[in-house]
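*Asks:* The primary structure of each chain is shown beneath.
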Amino acid sequence: MPGTLIYAEVQKGEIKKGSFEVASKAKEFGGEVAACIIGKGVEGLAPQLAKYGVDKVYVVDGPEFENYVPEAFVQAFTQVAKTVNPSVILASATAQGKDFVPAVAARLGVGAISDCVDLQKNGDKITAKRPVFAGKAYAMVEAAADPQVIAVRPNSFAVKEAAGAGAVEKVAGALDASKIKTVVKSVELAQTNEPDQTEAEIIVSGGRGMKGPENFKMLEDLAKLFGPTATTGASRAAVDAGWRDHRYQVGQTGKTVGPNLYVACGISGAIQHLAGMGTSKVIVAINKDPEAPIFQKADYGVVDDLFNVVPALIDEIKKFKG
Amino acid sequence: MNTVVCIKQVPDTETLIKIQGAGIVQDGIKWVMNPYDEFAVEEALRQKEKMAAGAVTVVSLGPDRAIEALRTALAMGADTAVHINDGAYYEKADPAATAAALAAAIKGMQYDAVFVGKQAIDDDSGQVPAMLGELLGIPVVTMVIKLEVAADKSKATVTREVEGGQAVLEVSLPAVFSAQKGLNEPRYASLPGIMKAKKKPVDVKTAAALGVTDAPKTVIKEMSLPPARQAGQKIAGDDAAAKAKELARILHEVVKIV
Chain A
6 MPGTLIYAEV QKGEIKKGSF EVASKAKEFG GEVAACIIGK GVEGLAPQLA KYGVDKVYVV
66 DGPEFENYVP EAFVQAFTQV AKTVNPSVIL ASATAQGKDF VPAVAARLGV GAISDCVDLQ
126 KNGDKITAKR PVFAGKAYAM VEAAADPQVI AVRPNSFAVK EAAGAGAVEK VAGALDASKI
186 KTVVKSVELA QTNEPDQTEA EIIVSGGRGM KGPENFKMLE DLAKLFGPTA TTGASRAAVD
246 AGWRDHRYQV GQTGKTVGPN LYVACGISGA IQHLAGMGTS KVIVAINKDP EAPIFQKADY
306 GVVDDLFNVV PALIDEIKKF KG
Chain B
561 MNTVVCIKQV PDTETLIKIQ GAGIVQDGIK WVMNPYDEFA VEEALRQKEK MAAGAVTVVS
621 LGPDRAIEAL RTALAMGADT AVHINDGAYY EKADPAATAA ALAAAIKGMQ YDAVFVGKQA
681 IDDDSGQVPA MLGELLGIPV VTMVIKLEVA ADKSKATVTR EVEGGQAVLE VSLPAVFSAQ
741 KGLNEPRYAS LPGIMKAKKK PVDVKTAAAL GVTDAPKTVI KEMSLPPARQ AGQKIAGDDA
801 AAKAKELARI LHEVVKIV
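Protein sequence lines correspond, in order, to chains A and B.
Here my numbering = 1-based position in the first sequence + 5.
Here my numbering = 1-based position in the second sequence + 560.
For reference, chain B alone in the conformation it holds in the complex:
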């Protein structure tokens, strides 16, 4: 089974965000592979292992530093990588432009499935999976928590998270799958894996070389921080029961929720 995994390098979830113009201060950020993309990489590896055949290609759009995320995926076991290393394009790229670049890199590859994280935890847009499917002309199943591929790789049975439960779908391949937490437990890169990853091929391309000149379709005009929240009042009382009583009174009289 040949698969492509699209990954993004994002600030670690511990990061304190500081604003600079219409972007964030990049200094001091620890960059990691988007957590949802780890599920995507893991699923591609598992499907390949199950079939005992095929290759996993990871693709990322990003500046120089994005190579670290690609190396992490290679260390986990992916076979090859494509780095769309184009700082200028990446800077301005909205989800549509990101999908356009990724799709251009993927077109022409031989693949049975494309895996992506359900959203990147930086811009939280969650649009790339659907847009990729549209650009590649293949179906998309988002929020996947279970995947079984038929032995002939013609179709897959997919369980996806829906409001209040789950739905089971059958979809023809190739298709795009967006990974939700719960799909699998991503492996850690082993030391031999990390050593091997250094020698695995990485194809570096610019967006222009891929023929992508898409202007972004949405533009960030401004960024701001949420108003700081002040610590409020501590509820006084001799014991838990007294505090609970006072809290109930507040919910009733002040918050007016009860």
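Pulled out of the complex, with its shape left as it was, chain A reads as follows:
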């Protein structure tokens, strides 16, 4: 009797780290762990899931799944879910997961719990901890019935290797094309490999103190030095000024993030911004105003002109990198 079905999300030909995170958690819960992977040419990825405790992988593979179309993916996944009949469904709350998970729950006639940061299992019931009001508070939430459909914020759980049987079953005829009313015309991705802010482990963020769009280059340089799990962010002031695209915005009307390191440059720390990044493990603030509220939240504060500090920091870090 399978305990958990996870959604293994594929982006750019690879399974997302967040999917391995939820697989690891599912393994910890005990019971059988099944996964469903959907895409075009994804069958070859299935064995990777066995390394993180997945016992059975349902593969939905076909050209009609080349692009993410919610209706198609939901149809295929719920068909697998009905076969597996799990008590818990877990997915990573990535950009795609946020779109996908509530639709899956609705199709299965159950509720969903979004964007959780911790899960506790008591008997058959999972209590999910999730930030509300962009992190100003936490709610402990439970589903009333099985399957308990839960999306977990990336980086909430460690990826742990554990042997799973990893049996692969190809699912045929998973799509009734007559029910698809959406067609993807084109997908345009920025020419960068930087992670999404909600998934990044390090975020270098800039605010009003950056003075203009051209100065974000040095934040990008700093983020690049931190490695491939780092990206840049921005405060609402910087976004509203038109310096950065909205997808960079961190805060209550942007993204809620919880990286290992958050470097706030020229950000005063409005309540809406502090809510959106308050769960970061380590916060560094660089601001020339010693009274800026951000310093009340920062583990390390540098009171000085960021235009002097950031370039010097870049040089110093380069030294460590050799």
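These aren't lab readings, by the way, just hints derived from the structure by calculation.
Cβ coordinates follow ideal geometry from the N, Cα and C atoms, glycine included.
Do not take every clue at face value.
What the hints assert, rightly or not - Computed list of lysine to aspartate or glutamate pairs in EDC-like fashion (alpha-carbon distance at most 20 Å, straight line):
id, chain 1, residue 1, chain 2, residue 2
1, A, Lys134, B, Asp682
2, B, Lys816, A, Asp320
3, B, Lys781, A, Glu296
4, B, Lys706, A, Asp245
5, B, Lys652, A, Asp304
6, A, Lys56, A, Glu166
7, A, Lys126, B, Glu782
8, A, Lys293, B, Asp799
9, B, Lys794, A, Glu296
10, B, Lys805, A, Asp320
11, B, Lys781, A, Asp129
12, A, Lys186, B, Glu730
13, A, Lys134, B, Glu723
14, B, Lys805, A, Asp245
15, A, Lys326, B, Glu730
16, A, Lys229, B, Glu723
17, B, Lys608, B, Glu745
Stated by the list, open to error - Here are the in silico distance ranges between beta carbons for each label pair:
id, chain 1, residue 1, chain 2, residue 2, range
18, B, Glu745, A, Lys175, 31 to 41 Å
19, A, Gln125, B, Asp587, 42 to 52 Å
20, B, Asp763, A, Phe34, 21 to 31 Å
21, B, Ser750, A, Ala182, 22 to 32 Å
22, A, Ser183, B, Ala710, 20 to 30 Å
23, A, Asp181, B, Lys667, 16 to 26 Å
Using the hints, position chain B against chain A.
*Replies:* Relative to chain A, chain B alone:
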């Protein structure tokens, strides 16, 4: 083009949250229309203006106070409103129950599109758009940042935000669209708009009158505040270069990130 916009009244983003049982202290909160719903209302108005025909209906589930958010939408230019005024239902409503009530109000209306904000900034669930689509039996496109409706209103070309970029989709109408920041710049209600809004019709209904008795499918057991963060250390140094050097050392030796 006939459209329906679902809106929610939420605490202003400046609000300091205080916990009471499995909810929050309501006293002293300034209630506003959910910021993402403003984009939804604006888009409905723009589509109507572009077509120079049709009506915009706003729907909200909430207690008495929710009428203020509906009046704001009417003042912006919406034509009619439905207020599902049911404090008891609203109190317990999870996203599924909210979607059920909204869908019940919308069913039977004539519409080409349903607009919603991509998420409400109180519970941050972001589930209602997808659940509405499922209950209404129509497709859903979330995180919309651009929308062009065909002249015959049979379909729309939509740009949505995806991880690391954007995707362009074609979807048949009617459909549900969830509005992301960037879709438009919401207008302010004008003074004549506010005056006119007072006379616009608001249909008030209970959930029971809509035939909705859905028990919530998820339950909040407890609420808590995040642990208070203490201000940490200020990095000392004679000048910016010295402070940067010390910060780099900390990142390397203490945080171990470099």
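*Asks:* Each of the hints needs a verdict: does it hold here or not?
*Replies:* Status of the hints after comparison with the structure:
no., hint, verdict
1, A/Lys134 / B/Asp682, "15 Å, holds"
2, B/Lys816 / A/Asp320, "17 Å, holds"
3, B/Lys781 / A/Glu296, "38 Å, violated"
4, B/Lys706 / A/Asp245, "18 Å, holds"
5, B/Lys652 / A/Asp304, "38 Å, violated"
6, A/Lys56 / A/Glu166, "6 Å, holds"
7, A/Lys126 / B/Glu782, "16 Å, holds"
8, A/Lys293 / B/Asp799, "12 Å, holds"
9, B/Lys794 / A/Glu296, "12 Å, holds"
10, B/Lys805 / A/Asp320, "9 Å, holds"
11, B/Lys781 / A/Asp129, "16 Å, holds"
12, A/Lys186 / B/Glu730, "8 Å, holds"
13, A/Lys134 / B/Glu723, "24 Å, violated"
14, B/Lys805 / A/Asp245, "33 Å, violated"
15, A/Lys326 / B/Glu730, "47 Å, violated"
16, A/Lys229 / B/Glu723, "19 Å, holds"
17, B/Lys608 / B/Glu745, "16 Å, holds"
18, B/Glu745 / A/Lys175: 31 to 41 Å, "49 Å, violated"
19, A/Gln125 / B/Asp587: 42 to 52 Å, "32 Å, violated"
20, B/Asp763 / A/Phe34: 21 to 31 Å, "47 Å, violated"
21, B/Ser750 / A/Ala182: 22 to 32 Å, "48 Å, violated"
22, A/Ser183 / B/Ala710: 20 to 30 Å, "21 Å, holds"
23, A/Asp181 / B/Lys667: 16 to 26 Å, "24 Å, holds"
When the structure is compared with the earlier hints, violations turn up for hints 3, 5, 13, 14, 15, 18, 19, 20 and 21 and for no others.
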